[in-house]
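Colleague: Go ahead and model the full structure; you've got the sequences and the hints to work with.
Protein chains: 2
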Amino acid sequence: MTAHTTHGNALQANFDVDYVICYRFQDTDKEKAQAGFEKLIRALTDVGLATAVRPGDDCSVLVFVKMYSEGHLTGEIYRSRVKDWLHGVRAAEPDKETQSSLSKEPAVESERLRLVYARITDPSVEGGAGITPKQGEWKNVESVFALHDHTFNKEWIKKWSTSSTLTLEDLDDIRNKFGEKVAFYFAFLQTYFAFLLFPALFGFSCWVLLGYFSPIYAIVNGLWCIVFVEYWKHQEKDLAVRWGVRGVSAIETIRASFRPEKEEKDPVTGEMVKIFPATKRFSRQVLQLPFAILASAALGSIIATCFAIEIFITEVYNGPFKSVLVFLPTGLLTILQPTILALLTAIARKLNDLENYETNDSYEAAMTQKIFVLNFITSYLPIILTAFVYVPFGSLLVPYLDVFSLTVKPFAEHEKQLQVPQSGFTINPDRLRKQVIYFTVTAQIVNLGMEVVLPYVKRRGFNKYKEIKSERAAKKGGATPSLSINDIPEESAFLTRVRNEAELDHYDVTDDLREMCIQFGYLALFSVVWPLTAVSFLINDWLELRTDAIKICIEMQRPIPWRADSIGPWLDSLSFLSWFGSITSAALVYMFSGDSMGPSGTPQSIKGWVLLLIIFFSEHIYLVVRLAVSTVLAKMESPGLAKERKERYLVRKRYLEESLGQEAKAGNAPITTTDQQSQPEKITRKSLEDEAREASLREAKPGEHFWARQRGWRETLQVGADLIAKSAPSESKKDQ
Amino acid sequence: MTAHTTHGNALQANFDVDYVICYRFQDTDKEKAQAGFEKLIRALTDVGLATAVRPGDDCSVLVFVKMYSEGHLTGEIYRSRVKDWLHGVRAAEPDKETQSSLSKEPAVESERLRLVYARITDPSVEGGAGITPKQGEWKNVESVFALHDHTFNKEWIKKWSTSSTLTLEDLDDIRNKFGEKVAFYFAFLQTYFAFLLFPALFGFSCWVLLGYFSPIYAIVNGLWCIVFVEYWKHQEKDLAVRWGVRGVSAIETIRASFRPEKEEKDPVTGEMVKIFPATKRFSRQVLQLPFAILASAALGSIIATCFAIEIFITEVYNGPFKSVLVFLPTGLLTILQPTILALLTAIARKLNDLENYETNDSYEAAMTQKIFVLNFITSYLPIILTAFVYVPFGSLLVPYLDVFSLTVKPFAEHEKQLQVPQSGFTINPDRLRKQVIYFTVTAQIVNLGMEVVLPYVKRRGFNKYKEIKSERAAKKGGATPSLSINDIPEESAFLTRVRNEAELDHYDVTDDLREMCIQFGYLALFSVVWPLTAVSFLINDWLELRTDAIKICIEMQRPIPWRADSIGPWLDSLSFLSWFGSITSAALVYMFSGDSMGPSGTPQSIKGWVLLLIIFFSEHIYLVVRLAVSTVLAKMESPGLAKERKERYLVRKRYLEESLGQEAKAGNAPITTTDQQSQPEKITRKSLEDEAREASLREAKPGEHFWARQRGWRETLQVGADLIAKSAPSESKKDQ
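In order, the protein sequence lines correspond to chains A and B.
Quick note on numbering: the first sequence equals residues 1 to 736 in full-length UniProt numbering.
Quick note on numbering: the second sequence equals residues 1 to 736 in full-length UniProt numbering.
Keep in mind that the hints were calculated from the coordinates and are not lab data.
Honestly, I wouldn't trust all of these hints.
Put simply, identical chains are the same to the list, so a pair is met inside one copy or across any two.
[As the list claims (entries may be wrong)] Okay, derived cross-link-like pairs now, DMTMM-like style, lysine to aspartate or glutamate, Cα gap no bigger than 25 angstroms in a straight line:
no.: 1; residue 1: Lys322; residue 2: Asp122
no.: 2; residue 1: Lys635; residue 2: Asp572
no.: 3; residue 1: Lys280; residue 2: Glu264
no.: 4; residue 1: Lys274; residue 2: Glu657
no.: 5; residue 1: Lys551; residue 2: Asp505
Modeller: Below, the structure written as structure tokens:
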């Protein structure tokens with residue numbers, strides 16, 4: 001950061017560069033590299049992109065890309081807006097005059113960057129250059145990234161340090177700079193943070209007044225989970241309308257790595273479409289089941305084993321080195337879990353690739369599900385084991401733990417230290433709470449540290465390494481003099497910055513969303529164990545909001561401004577966790593309420609049917625309340641929805657005025673009783689003759705005779721009045 | 001029916017009449033009646049309707065109504081279609097040329113009748129005459145009804161007697177004649193009937209091979225329920241698209257009896273809207289809770305009391321008249337239940353009126369919910385009581401039944417006959433099955449009979465009564481001679497028919513739908529008790545399909561062709577019943593499986609926690625499977641959805657060709673590498689000077705310098721190739 005500020009003003013301009021493509025040819029022949037480079041430039045030029053090249057670091061060149069002209073950009077924006085309108089994302093059709101349409105609603109930075117990115121990466125049938133970094137023929141293209149807007153970033157970070165909440169306008173700024181996907185994350189984080197105030201306050205009060213495992217806390221917490229999730233659903237829709245992206249997930253572009261099985265003519269539209277049969281995909285999706293079992297078994301057995309060893313050491317073993325050996329299982333878990341998790345994640349990604357989704361959205365949704373399963377196991381299983389296995393069944397299970405005596409045998413002095421005390425073994429009642437505190441405080445702090453500090457250290461280290469390397473190279477007078485010394489002075493600072501940004505990691509908002517969802521899970525599932533959970537999260541998220549901003553601005557390449565109309569499948573995860581919370585909270589309250597010691601290792605004190613009945617009612621009351629809350633929220637009108645309604649109303653009004661107004665003028669106005677002042681025709685011999693003649697001319701239509709008998713409404717009136725007079729009510733009553 | 005056919009051909013023409021308004025003035029003064037009549041005719045004429053009047057039966061006149069001209073109708077149809085398009089119901093905008101739009105897609109009868117009906121009944125702000133039968137100023141307007149198309153009806157009924165299933169085209173015919181709402185009912189009935197084949201066959205096999213309470217049957221039945229409900233959801237959407245009514249429930253017209261609290265300017269659209277605050281409505285909706293409790297208590301206590309008396313008499317009492325007294329509770333229930341049900345329904349309607357809904361849809365949805373609660377109690381509570389109270393707790397409860405000894409005391413000869421046997425009391429294990437058979441066979445037959453035979457008898461009786469009355473009047477030479485003797489001969493048959501139709505009842509499709517939903521409930525909830533349930537229903541529904549057709553054609557006035565895009569809130573009822581079935585079936589199987597005797601009156605043999613655990617798993621497996629089935633079905637493309645997709649595709653294609661094609665021609669085509677064959681400029685002293693001069697002219701824009709350094713893609717290519725050559729990979733490897 002300091003390195004940047006010294007360069008001063010020059011940094012603030014990005015020289016109109018939209019994207020930088022880093023072309024690296026370290027492991028390629030000179031000729032091949034040159035051919036590949038030519039292909040790249042031709043591909044970019046072919047789709048109307050202007051290019052410029054500058055030397056990059058260490059066997060790479062940086063290709064700078066922008067739209068060839070304003071006109072190209074304007075056309076692209078207009079086309080994209082028309083497409084949105086046709087897919088129902090925009091209520092109003094954009095003006096046909098491109099320029100006036102743009103001046104009415106100018107394109108924001110994220111819109112421009114999104115469209116340019118689409119030009120670079122879309123397949124050629126969609127009008128793009130089809131460049132897919134690191135894949136296939138473009139394996140030399142290391143990355144395609146936009147340049148940070150440092151003025152904005154600096155201001156943004158400054159704002160964070162002074163203000164406490166994100167306003168809607170702040171969210172708009174984020175959206176305009178980083179796109180809707182990132183903006184939705186920040187909106188979610190902000191909403192979650194604001195909502196956390198209540199359980200933090202209430203949890204604190206409960207902690208002081210009611211202690212642990214309070215049924216009141218459990219009920220209020222469950223209600224809060226419902227309101228939060230349902231409110232966010234509502235809020236999400238509102239923001240989607242505000243940013244004009246509602247339903248945008250329906251506009252799908254084919255994933256670059258989608259491998260169609262065949263190309264067929266769509267029987268409906270007649271277009272050629274690439275097809276991968278759904279049945280085939282389904283047969284592959286079925287593999288998720290063995291995968292889930294494998295993952296649960298692998299992670300579950302590691303967690304359970306380490307858990308059992310830990311209990312054995314802490315509560316059975318009483319030989320020497322106990323204070324040190326206690327850390328053995330934790331160490332084991334710390335080493336094994338990430339390894340296996342990484343392995344499983346790799347398998348999950350392979351599986352997901354195998355499932356061969358057509359669109360990025362469906363690919364990501366499927367991946368999210370798999371990641372959620374893995375995270376669910378690693379995050380919640382330890383606590384579930386303690387609460388629902390160790391505490392109720394501890395006394396029964398601990399005697400079997402001597403199989404783990406092997407792990408500490410070398411340290412034991414005599415057999416007795418490894419034997420389970422025959423009587424008097426008591427479970428550790430604090431264990432559950434300590435574990436919850438570990439996951440909701442310690443782990444969160446560690447995690448935050450890892451997220452911010454580690455990349456910083458890594459980056460610093462890498463820079464140092466490069467410096468040393470280039471110094472050494474300079475001393476040797478080697479063949480790769482730093483290319484940057486040839487930079488034109490006025491570009492030098494800019495190019496240094498670009499070279500630095502090229503080294504940064506990609507930002508994936510999914511990771512941050514996952515983190516928040518898992519955090520929400522602790523609150524929904526286990527906060528009844530320790531009501532201060534929300535207080536810890538409140539503090540953590542205050543920092544999280546800020547560190548994430550810093551991370552995006554400094555630690556990472558500027559994210560591609562993807563569009564999104566929600567936080568995607570994570571919403572389902574939130575709903576699921578809040579549902580699951582209604583089960584665990586009820587069970588925890590029943591089992592531990594009172595002395596908060598729980599069943600103390602013996603299952604006798606729990607009545608199975610009472611426990612299950614409580615769970616049953618808790619869950620069903622939860623579902624009913626959720627339905628009620630979502631019904632009430634659906635009736636609330638929010639600014640975004642009001643805006644949408646207004647737009648749709650205006651469209652309708654304009655259209656109706658345009659087309660139906662003329663229709664009405666054209667003479668279809670109803671014949672009113674006041675218009676038609678003519679008296680009923682006198683029935684003369686002449687008129688009857690005419691009528692008869694007319695009727696005979698047009699035989700066969702009985703309706704005409706019928707209607708012709710009373711001509712005009714006045715005749716009808718007269719006949720009707722006569723009929724009424726003939727059968728007056730007073731007379732008819734006499735008859736009854 | 002026979003009376004009609006004798007009249008022959010004349011019946012087949014409706015004389016172009018769209019609607020008949022029956023104006024009755026029995027209890028009104030002559031002058032008032034005449035004034036009211038004039039008002040009616042004026043109102044109709046004002047909105048472009050042609051009228052003709054003829055005498056009706058017994059102090060009434062019949063006003064015949066049709067659209068004033070074809071042009072009026074065409075305009076109305078066009079307007080309605082444009083409105084549909086603007087609300088997203090139609091994919092394609094109707095052609096602006098009204099005539100061509102109509103010839104492309106001619107209006108069907110139900111469309112015409114719907115629009116004419118709207119003209120008659122819509123409030124004046126919507127362009128209608130605002131006639132609300134039997135209400136307020138229109139209390140003399142007894143009914144507004146369309147005339148049956150007897151040719152179609154006859155053919156339809158004939159078809160029924162020969163073919164076994166309704167094809168899609170048959171459903172289209174029903175839709176074209178009676179509107180989408182009725183068509184959806186028949187589509188549902190047909191789908192349900194077709195689906196019933198499977199559980200009927202499977203149930204029969206289970207009955208033969210596995211006996212009662214088979215877990216296999218329960219699982220397959222649960223799965224069938226899921227597939228049926230989810231398939232219907234899918235089918236419903238498909239039909240809605242086929243009939244062009246998808247999303248039509250979004251086009252809402254204000255209910256005539258809606259009483260707004262105030263009129264306010266909508267802050268969004270600026271229109272004046274009538275408002276009834278949602279909070280006030282909510283405070284009234286809260287009354288549903290005490291109502292539900294009241295209804296459950298009232299109906300529940302009656303059912304439980306009669307149930308207890310019955311058990312007392314059949315299983316405790318052993319005095320004289322036992323065989324007769326056994327019918328006492330049934331008789332009691334038969335008298336009391338309909339009375340209380342009618343009372344509760346009236347209260348429900350009052351409540352619903354009080355809730356003051358804005359639209360007919362929301363009014364009906366709310367009413368449906370209330371009716372469903374009432375029907376749920378009366379239909380399923382008796383069986384639930386037997387299965388979950390009598391069978392498990394019978395032995396414990398029966399001793400307390402001697403409070404009911406009062407009911408039979410007069411008949412008992414000595415006290416002993418009234419005493420519960422101290423030991424050896426066994427519950428009747430057949431009771432549950434017999435009850436299920438009663439509800440699924442006997443009650444269905446009785447119901448079918450009531451539905452068809454009763455109205456027929458009633459109508460016959462009423463006609464007879466009228467005949468006798470008019471004969472007597474003729475003999476007396478009374479003041480009300482039958483007006484029909486003055487009919488013109490060629491109209492006579494037609495008018496007789498219209499007078500008959502005026503006497504018929506209104507058809508309400510909700511009743512029929514309710515009946516089917518409740519029937520489905522027996523299958524979902526209790527068919528595990530008696531697997532032949534579906535066989536009975538299959539036979540019943542075969543008849544139901546036919547009797548309903550006859551009912552609509554003969555017993556009832558022609559229904560107003562309302563539009564609908566689904567079977568409405570009954571779908572939720574179906575989902576709920578199928579969900580609830582996953583709980584009851586699991587419980588029944590656990591409790592009764594094996595000897596199918598159940599716990600024989602003592603709760604000891606049931607393990608509470610096992611029962612609850614089974615329910616828990618059954619319910620959650622049900623929910624997961626339902627999610628899976630609906631996901632798979634959502635991926636299936638049906639003809640209707642394909643049609644919609646095609647329409648939307650064509651709209652998009654046309655638009656894109658129209659507006660974007662021109663855009664592309666206008667010169668925004670990309671500059672391709674092949675277009676621009678010029679060589680890179682030679683860098684001469686002159687060109688550098690030019691560049692410098694140009695640059696100095698336009699200071700302050702660093703981007704221009706940056707981009708100007710490589711002009712055109714060929715220069716970029718050259719520079720890039722040089723850069724690559726300078727840092728060739730072979731050399732750089734040496735350095736590493």
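Colleague: Each hint should be assessed against the structure and marked as holding or not.
Modeller: Results of checking the hints against the structure:
no.: 1; hint: Lys322 x Asp122; verdict: neither (61 angstroms within a copy, 86 angstroms between copies)
no.: 2; hint: Lys635 x Asp572; verdict: both (22 angstroms within a copy, 19 angstroms between copies)
no.: 3; hint: Lys280 x Glu264; verdict: within (16 angstroms within a copy, 57 angstroms between copies)
no.: 4; hint: Lys274 x Glu657; verdict: between (43 angstroms within a copy, 23 angstroms between copies)
no.: 5; hint: Lys551 x Asp505; verdict: within (10 angstroms within a copy, 72 angstroms between copies)
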